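Trainee: In order, the protein sequences belong to chains E and Z.
Here the first sequence stands for residues 1 to 476, where the numbers follow our numbering.
Here the second sequence stands for residues 1 to 383, where the numbers follow our numbering.
Don't read these hints as lab results, they were simulated from the structure.
Certain hints may be false.
[Said to hold, decoys possible] Facing chain E, a subset of chain Z residues (Cβ under 7 Å, in silico):
no., residue
1, H44
2, R47
3, V133
4, V143
5, A155
6, T194
7, G198
8, P200
9, T246
10, E314
[As the list claims (entries may be wrong)] Under the rule of at most 35 Å between Cα atoms (straight-line distance), these lysine-lysine pairs were calculated in the DSBU-like manner:
no., chain 1, residue 1, chain 2, residue 2
11, E, K305, Z, K74
12, Z, K237, E, K167
13, E, K333, E, K226
14, E, K412, Z, K367
15, E, K457, Z, K134
16, Z, K237, E, K226
17, E, K412, E, K374
18, Z, K74, E, K226
19, E, K412, E, K333
20, Z, K237, E, K412
21, E, K305, Z, K237
22, Z, K237, E, K457
23, E, K62, Z, K367
24, Z, K291, E, K167
25, E, K412, Z, K134
Keep in mind it's a predicted model, so treat the numbers as computed, not measured.
Just so it is clear, CB atoms sit at the ideal spot from N, CA and C, and this is done for glycine as well.
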Amino acid sequence: MQMPVPDPRILSQKDALAAALRKVLPADAVITDPVETRAYECDALTAYRCPPLMAVLPASTKEVSDVLRICHDFGVPVVPRGAGTSLAGGALPTQDAVILGVARMNAVLERNYEDRFIRVQTGMTNLRVTGEVEGDGFFYAPDPSSQLACAIAGNIAMNSGGAHCLKYGVTTNNLLGVTMVMMDGEVVEIGGPYLDAGGLDLLGVICGSEGQLGVVTEATLRILPKPEGARPVLIGFVSNEIAGACVRDIIEAGVLPVAIEFMDRPCIEATEAFAGAGYPDCEALLIVEVEGAPAEIDEQLTVIKGIAERHNPVEIRESGSADESARIWLGRKSAFGAMGQINDYMCLDGTIPVSELPTVLRRMTELSEEYGLKVANVFHAGDGNLHPLILFNANGEGQLETCEAMGAEILKLCVEVGGCLTGEHGVGVEKRDLMSHQYDPADLEAQMAVKDVFDPKWLLNAAKVFPLASSDTRRG
Amino acid sequence: MARPETETELAELILGANGPLSIRGGGTRGIATDGEPVDTTALHGIRLYEPGALTLVAGAGTPLADIDTVLAEKGQRLAFEPMDHRALMTTAGEPTIGGIAAANISGPRRLQAGAARDHMLGVRFVSGTGDIVKNGGRVMKNVTGYDLVKLMAGAHGTLGVLTEVSLKVQAIPEAEATLILRDQPMSDAIADLTRAMGTPYDVSGAAWLSSGATRGPCERRIRIEGMAGSVAYRAAKLSDLLGADTVVEEDDSAILWREIRDVTPFANRDGAVWRISTRPTAAATLCDALKAGGLDITTIADWSGGLLWLLTPETGDAGAALIRAETARHGGHATLIRANSAIRASVPTFQPLSPALDRIATGLRRKFDPRGILNPGLMGPTT
Numbered sequence: 001m002q003m004p005v006p007d008p009r010i011l012s013q014k015d016a017l018a019a020a021l022r023k024v025l026p027a028d029a030v031i032t033d034p035v036e037t038r039a040y041e042c043d044a045l046t047a048y049r050c051p052p053l054m055a056v057l058p059a060s061t062k063e064v065s066d067v068l069r070i071c072h073d074f075g076v077p078v079v080p081r082g083a084g085t086s087l088a089g090g091a092l093p094t095q096d097a098v099i100l101g102v103a104r105m106n107a108v109l110e111r112n113y114e115d116r117f118i119r120v121q122t123g124m125t126n127l128r129v130t131g132e133v134e135g136d137g138f139f140y141a142p143d144p145s146s147q148l149a150c151a152i153a154g155n156i157a158m159n160s161g162g163a164h165c166l167k168y169g170v171t172t173n174n175l176l177g178v179t180m181v182m183m184d185g186e187v188v189e190i191g192g193p194y195l196d197a198g199g200l201d202l203l204g205v206i207c208g209s210e211g212q213l214g215v216v217t218e219a220t221l222r223i224l225p226k227p228e229g230a231r232p233v234l235i236g237f238v239s240n241e242i243a244g245a246c247v248r249d250i251i252e253a254g255v256l257p258v259a260i261e262f263m264d265r266p267c268i269e270a271t272e273a274f275a276g277a278g279y280p281d282c283e284a285l286l287i288v289e290v291e292g293a294p295a296e297i298d299e300q301l302t303v304i305k306g307i308a309e310r311h312n313p314v315e316i317r318e319s320g321s322a323d324e325s326a327r328i329w330l331g332r333k334s335a336f337g338a339m340g341q342i343n344d345y346m347c348l349d350g351t352i353p354v355s356e357l358p359t360v361l362r363r364m365t366e367l368s369e370e371y372g373l374k375v376a377n378v379f380h381a382g383d384g385n386l387h388p389l390i391l392f393n394a395n396g397e398g399q400l401e402t403c404e405a406m407g408a409e410i411l412k413l414c415v416e417v418g419g420c421l422t423g424e425h426g427v428g429v430e431k432r433d434l435m436s437h438q439y440d441p442a443d444l445e446a447q448m449a450v451k452d453v454f455d456p457k458w459l460l461n462a463a464k465v466f467p468l469a470s471s472d473t474r475r476g
Numbered sequence: 001m002a003r004p005e006t007e008t009e010l011a012e013l014i015l016g017a018n019g020p021l022s023i024r025g026g027g028t029r030g031i032a033t034d035g036e037p038v039d040t041t042a043l044h045g046i047r048l049y050e051p052g053a054l055t056l057v058a059g060a061g062t063p064l065a066d067i068d069t070v071l072a073e074k075g076q077r078l079a080f081e082p083m084d085h086r087a088l089m090t091t092a093g094e095p096t097i098g099g100i101a102a103a104n105i106s107g108p109r110r111l112q113a114g115a116a117r118d119h120m121l122g123v124r125f126v127s128g129t130g131d132i133v134k135n136g137g138r139v140m141k142n143v144t145g146y147d148l149v150k151l152m153a154g155a156h157g158t159l160g161v162l163t164e165v166s167l168k169v170q171a172i173p174e175a176e177a178t179l180i181l182r183d184q185p186m187s188d189a190i191a192d193l194t195r196a197m198g199t200p201y202d203v204s205g206a207a208w209l210s211s212g213a214t215r216g217p218c219e220r221r222i223r224i225e226g227m228a229g230s231v232a233y234r235a236a237k238l239s240d241l242l243g244a245d246t247v248v249e250e251d252d253s254a255i256l257w258r259e260i261r262d263v264t265p266f267a268n269r270d271g272a273v274w275r276i277s278t279r280p281t282a283a284a285t286l287c288d289a290l291k292a293g294g295l296d297i298t299t300i301a302d303w304s305g306g307l308l309w310l311l312t313p314e315t316g317d318a319g320a321a322l323i324r325a326e327t328a329r330h331g332g333h334a335t336l337i338r339a340n341s342a343i344r345a346s347v348p349t350f351q352p353l354s355p356a357l358d359r360i361a362t363g364l365r366r367k368f369d370p371r372g373i374l375n376p377g378l379m380g381p382t383t
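All chains, full assembly: derive it from the sequences and hints.
Mentor: Next up, the structure:
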């Protein structure tokens, strides 16, 4: 992974910068010790590591503003960091960059059930947002798999999704307002606890900009009343294609499940060995979950089971209790852990039109044979967001490179059939150099023009998202 | 009037322009700026429709009516329920999907299902520099690069002219019903509507019309949609919780929401029309403050109070100064939708932004339209 060469001028100013930052932050909020900064050398994409120049942990919007103003004046690159759970290297630093961690900002600022919003500092974890309101019957809808650990700041930067976004949308659909600090230290307020912020939709472009436009310190999030109940049905199939066709028919029938999850045989076998959820012996399975009152759930599941029956299912297993629901979800929820037990793996995140599911799954099998690496599939089928896991041995010579090459082929395939490189993990450094497969130079130029306006010196998380060659002249 | 037939022709037209251009689809919203009219209606046609993937891609000039027809054949619709401005604005023409996207036009269901921008999966556009740009795509989840789709939604053509829009669509539910309660004052009605939104009963419309808007007693309306059994269940639950004089179903319910969507109670009536986005719980006090300030208002509150439609006398500034000040104080923004030309000439269409946001918006316009030729002045200064 190529990263910009560290600027010797900045490296030589480390002490002066640390001294300036210590004037505006408590002593323990400026971390310069090389042993301690190792904690910030990577995120969940652990294949790439680089200790930063230093890390700072501001505790308020004011402190973030002070930090950014100082870094701006020093001309030092800043890499914002939520909880460091990015799978795309979104928080990977360079040697001459300051990591700005939001972990100390985790207060609830306002809760309002009549207007259905909560305002929080963005270091708060995703799951805690729901935790803050669920006692009163509400929840925050986006639910990325890392929700126990990941921070709202990172969710906004990456426009995170989750299993339930088929019905509730992703972060951008649930974000009402932000307090954001610009790279020069200016604090801006965008939107608020009302729908559709005025003026240009800046909220929309900030969400998913991977921390390149500003540091979001406070967020107004839409909360929703919890459904009366939810119940899944598990359906086993004799082939991936038939499972894919069943997904299409469910959607076409007009039922809107909250989640449709898909697992293929390699994934089913691995999770069975790991978690023993008692899944049927089949080529592919779907977990379809619906919500509502008991009678409403029955009404929807009747339609779904009727559709499934037409696809010669190996088994239809409808949950009859909370315990059975948990068992149905057990294998799915332990899928990543199970794969990690048997192998190293690389998790891809391309999205495809649902109609292309059979074609793409077939082609992936061919690629798997061609490259000699196994692929297991577990993904959100309702919205076409694939998560192929390519299994490899990190200690095997050349295996990481083979795996990366195969991953790139799969992502190009996703683009070819009308999809995209990443559905919810983000571009980061991981897919940066694949961007030109999806976008023409004019498309990338238009995106970079937005960064020019928010961060004219290209100091914020600058070596991400865009191919290095195309952002080269801007990064100075 | 220029009417480019292709995206390339449009790009050449913009590149060769030496003065302001006034971008329009069906021209139904009556906010055309000065300049040479550029009509996008020749960029029409549905290019892809996959009911099983809930996606539709259409040229920006495609009439909404064509899209509605094609979707209805497969039992689907646009979830965000875009408003038809023709009755309110006394305009002719056919609303286009490009116009709806550019202005982020949504209706009553926005409260539950999201706005136009939430259903836009991808766009193609020509920027003010004549570059053809695509962003997003036609899949449900996409975080590949910046989301310029959202930036274009609601930019009113000031950053680029849309040529193609791809959309997420929704199945038309089996049944719908509306609970009606009459003679309930605004503050009580809004309290009930916000309460309804806090239940698990998945309300898809929550509105209150003042007596001036109904020409009878004021009226609170709550809509639910879904499978027949479920609608009956939720209607009963909500009636028990909040009371209802009448429950109407199917077409009798649909007509009530078309009326709110299109603000037809204010059609063919004198006065300026304002659209205010605010916090539901601020709606009643905001209206009280306007009345206390001496403004005569007729009100329709949609989105459980989060969207206020106001009819005000077309005298002076039509209440602009007071409305904008009170809206800012309560949180939100006010848009002037309809007014006579004298008022239009002196009152900006949109609520002024804070200086910091204005600088960002101006910076974006300079980047995307450096010559300041796309609907200049509509959303603020270009230089």
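Trainee: Look at each hint and say if it fits the structure.
Mentor: Hint-by-hint comparison with the structure:
With 7 Å as the threshold, the beta carbon of H44/Z stays out of range of chain E, its nearest partner Cβ sitting at about 21 Å, so the hint is violated. Interface hint at R47/Z: violated, since its Cβ lies 12 Å from the closest Cβ of chain E, which is beyond the 7 Å cut-off. Given hint, V133/Z at the interface with chain E, holds; its Cβ is 5 Å from that chain's nearest Cβ, closer than 7 Å. Using the Cβ-Cβ criterion of 7 Å, the hint placing V143/Z at the interface with chain E is satisfied: the shortest such distance is roughly 5 Å.
Because the beta carbon of A155/Z sits about 6 Å from the nearest beta carbon in chain E, less than 7 Å, this interface hint is met. Look at T194/Z: its Cβ gets to within about 4 Å of chain E, closer than 7 Å, so that hint holds up. For the restraint placing G198/Z at the interface with chain E, the shortest Cβ-Cβ distance is roughly 5 Å, inside the 7 Å limit, so the hint holds. For P200/Z, the interface hint holds, the least distance from its beta-carbon to any beta-carbon of chain E being 5 Å, beneath 7 Å.
Given the 7 Å rule on beta carbons, the hint for T246/Z is violated: about 24 Å separates it from the nearest Cβ of chain E. Annotation: E314/Z was flagged as interfacial toward chain E, and the flag is violated, the nearest CB pair being 23 Å apart, outside 7 Å. Restraint check for K305/E and K74/Z: the C-alpha separation of about 21 Å stays at or below 35 Å, so the hint holds. Of the supplied pair hints, the one linking K237/Z and K167/E holds, its CA atoms being roughly 23 Å apart against a limit of 35 Å.
For the given pair, K333/E sits about 21 Å from K226/E by alpha-carbon distance, which is consistent with the 35 Å threshold. Taking the CA atoms of K412/E and K367/Z, the gap is near 30 Å; set against the 35 Å cutoff, the hint holds. For the hint linking K457/E to K134/Z, the alpha-carbon distance of about 25 Å falls within 35 Å, and the restraint holds. Simply put, K237/Z and K226/E have alpha-carbon atoms about 16 Å apart, close enough for the 35 Å limit, and the pair holds.
In summary, the hint linking K412/E to K374/E is supported, as the alpha carbons are separated by about 18 Å, within the 35 Å threshold. For a cut-off of 35 Å, the pair hint linking K74/Z to K226/E stands: about 31 Å separates their Cα positions. Pair hint K412/E plus K333/E holds up; C-alpha atoms about 28 Å apart against a cutoff of 35 Å. In summary, the hint linking K237/Z to K412/E is not supported, as the alpha carbons are separated by about 50 Å, beyond the 35 Å threshold.
Among the hinted pairs, K305/E with K237/Z is consistent with the structure: their alpha-carbon atoms are about 27 Å apart, no more than 35 Å. Among the hinted pairs, K237/Z with K457/E is inconsistent with the structure: their alpha-carbon atoms are about 57 Å apart, more than 35 Å. Simply put, K62/E and K367/Z have alpha-carbon atoms about 30 Å apart, close enough for the 35 Å limit, and the pair holds. With a CA separation close to 40 Å, the supplied pair K291/Z and K167/E exceeds the 35 Å bound.
At roughly 17 Å between alpha-carbon atoms, K412/E and K134/Z fall within 35 Å of each other, so this suggested pair holds.
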